[in-house]
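Protein sequences, first through last, are from chains A and B.
Residues in the first sequence are numbered from 22 upward in steps of one, following my numbering.
Residues in the second sequence are numbered from 22 upward in steps of one, following my numbering.
Hints may contain errors.
Repeated chains share a single entry, so a pair holds when one copy, or any two copies, can fit it.
[Unchecked claim] Taking lysine-lysine and the DSS-like style, the derived pairs with C-alpha atoms no more than 30 Å apart in a straight line are: (1) Lys259 to Lys84; (2) Lys71 to Lys146; (3) Lys259 to Lys145; (4) Lys145 to Lys71; (5) Lys259 to Lys146; (6) Lys84 to Lys232; (7) Lys290 to Lys145; (8) Lys290 to Lys146; (9) Lys191 to Lys232; (10) Lys259 to Lys191; (11) Lys71 to Lys45.
Since the hints were derived computationally from the structure, they do not count as laboratory data.
Protein chains: 2
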Amino acid sequence: MPSGALLFDLPDYPHERWTAHLRKFLPTLDIRATADAQTAADIAYCVAWKPAPGKLHNLPNLKIVFSMGAGVDGIVADPTYPRHIPLARVVDDTLAQAMSEYVVLSVLYWHRRLHDFIGLQRDKKWRQLPAPRAPQVRVGILGFGVLGQAATAPLRALNYQLSGWSATPKHVDGVKTFHGTAQLEVFLAQSDILVCLLPLTPDTRGILDAKTFAALPKDACVINAARGGHVVEDDLIKALDSGHLGGATLDVFSAEPLPATSPLWSHPKVVMTAHSAAFTDPESFMRQVATTIRRMDDGLPPENLVDFARGY
Amino acid sequence: MPSGALLFDLPDYPHERWTAHLRKFLPTLDIRATADAQTAADIAYCVAWKPAPGKLHNLPNLKIVFSMGAGVDGIVADPTYPRHIPLARVVDDTLAQAMSEYVVLSVLYWHRRLHDFIGLQRDKKWRQLPAPRAPQVRVGILGFGVLGQAATAPLRALNYQLSGWSATPKHVDGVKTFHGTAQLEVFLAQSDILVCLLPLTPDTRGILDAKTFAALPKDACVINAARGGHVVEDDLIKALDSGHLGGATLDVFSAEPLPATSPLWSHPKVVMTAHSAAFTDPESFMRQVATTIRRMDDGLPPENLVDFARGY
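In isolation and in its complexed conformation, chain A is listed as follows (with noise of 0.2 Å):
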């Protein structure tokens, strides 16, 4: 039986449909909408999306923040986030799996120049575009961790030659890896199609900028479906403006909803989706959320907790 209340903090979701799932798992857990200055001292566990700056500090008995997606940018980016409390983030094999549908499409769609084929269809032009062979056309992984890897096992099926970088080393097999500041350059040079799946950190908020668009080979295609923060957007559009990339997919944005002001919207070599790339799976997350709520009940220590010194 869990000591505490939990405190759904996710106002723009549908509170009954999501905690219906974690009622199933923990039929007596003690779920709250809200917690005023009365009722704070209830609460033991938190989950948070984008929660509102001095909103979890103000419980003074948490005992974790469940994060409900894969990055905490949201969470951790308030000053005062308690960082002595444990923040776990959703590991979720259907976001894995979301994530790689997405990726997948969006490096197809520019490779075998769907774009260019929806442009000339609106034309009535008929014409043939010969396109590489996957086995021709290389993709950079930019952020190589649990999404991008997973994401690997599709595109190695298509025979692309895949690449991966993390700041840390990594070893995944069929897949040249590189890590670090000092590889970075190196990398983006091979990459004929660059995938963002970095968590937002302060060494990785606007690493899509002009300096790296310079170093991917002329003609490349940047697709970003981690955080609006990675791309300087004015980079971008002048990158393509210029010609030397080819084209973009874009989840995620500086602002969302995004503007309508936005020149992004209309930009002939731009495709966005409105942060749709993965949604968090409700049931999927609350299982989660329960059984890290019973392993502490156990008295075990929780899983997928967040590192703030990397912060993800």
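Fit chain B to the given chain A structure using the hints.
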């Protein structure tokens, strides 16, 4: 040393670029671009795609015909085709690779609703669109030969539910197989995304018609990368307009180039490519032609021959 000349009967293709590959493999082969009444008797080999009716019939010493593509309907359509002469079709890894890429791209395009996202972008509308995960999506491959089976590896790596239908029984690990007319309707009823890779024969002409579309689940999407003759285009448009079908990707058409008057160009639920799903690779094809010519010179039987009774 080959006995007899080769007629390269692809008037729309760059003769020099293609035959250069053949010269590399068979330097002494006598390659002709045309054969008139005087020289017809020299021709022992012919590379063809859509020969003029009667043309092959008028080559008295022909030993074999090589079809430039995997489909041979453009050749056997000629009623005067000399059916005692073997007809070899290209069976080419690069062709299967290209087709797999096209199939996976098209399946993901509809499954992940990229068509809807592109429409939303055009209207500058920010909307998150959910989609099921691939393990919940049933992909049915209509025509389960070399190309259809090749596409299963990357689709399986994406965890789709796979099935295949063919005229004769086939067995492939992890794929539910159906065969023959009797099992067609059951196969269709469990295909959320239908991929047509059939050969075009009298039995399969017009197979994608109102009856077939009605047998598919509501909101099913159709991908045709086989031949335009498989589709009754008016029936397809009706099934899209009625809301029964969710969308269609078409690479091939009843007339090619597709006439500007075709309503398919501007249909809001159609994506089209100009017969570009999979081009025959000239080098790979010419290597096959050379190998077969050498085999025949050595008294061995040619490979990848068409069975005229079944038409492919």
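Consistency of the hints with the structure:
For the identical chains of this complex, Lys259 and Lys84 are neighbours neither inside a copy (47 Å) nor across copies (59 Å), given an alpha-carbon limit of 30 Å. In this assembly of identical chains, Lys71 and Lys146 lie within 30 Å of each other by CA distance solely across copies; the values are 23 Å between and 47 Å within a copy. When the C-alpha separation of Lys259 and Lys145 is checked against a cutoff of 30 Å, the pair qualifies both within a copy, at 29 Å, and between copies, at 21 Å. Proximity of Lys145 to Lys71 under the C-alpha cut-off of 30 Å is restricted to the inter-copy arrangement: shortest distance 25 Å between copies versus 46 Å within a copy.
For the identical chains of this complex, Lys259 and Lys146 are neighbours both inside a copy (28 Å) and across copies (24 Å), given an alpha-carbon limit of 30 Å. Taking the closest pair of Cα atoms, Lys84 and Lys232 never come within 30 Å of each other, the shortest separation being 42 Å inside a single copy and 61 Å across copies. Within a single copy, Lys290 and Lys145 get their C-alpha atoms as close as 19 Å, and across copies as close as 15 Å, so both meet the 30 Å cut-off. In this assembly of identical chains, Lys290 and Lys146 lie within 30 Å of each other by CA distance both inside one copy and across copies; the values are 18 Å within and 18 Å between.
Only within a single protomer do Lys191 and Lys232 lie at most 30 Å apart by alpha-carbon distance; the minimum there is 25 Å, versus 53 Å between protomers. With identical chains, the CA atoms of Lys259 and Lys191 are never at most 30 Å apart, being 33 Å at best within one copy and 52 Å at best between copies. For the identical chains of this complex, Lys71 and Lys45 are intra-copy neighbours only, at 25 Å inside a copy versus 64 Å across copies, given an alpha-carbon limit of 30 Å.
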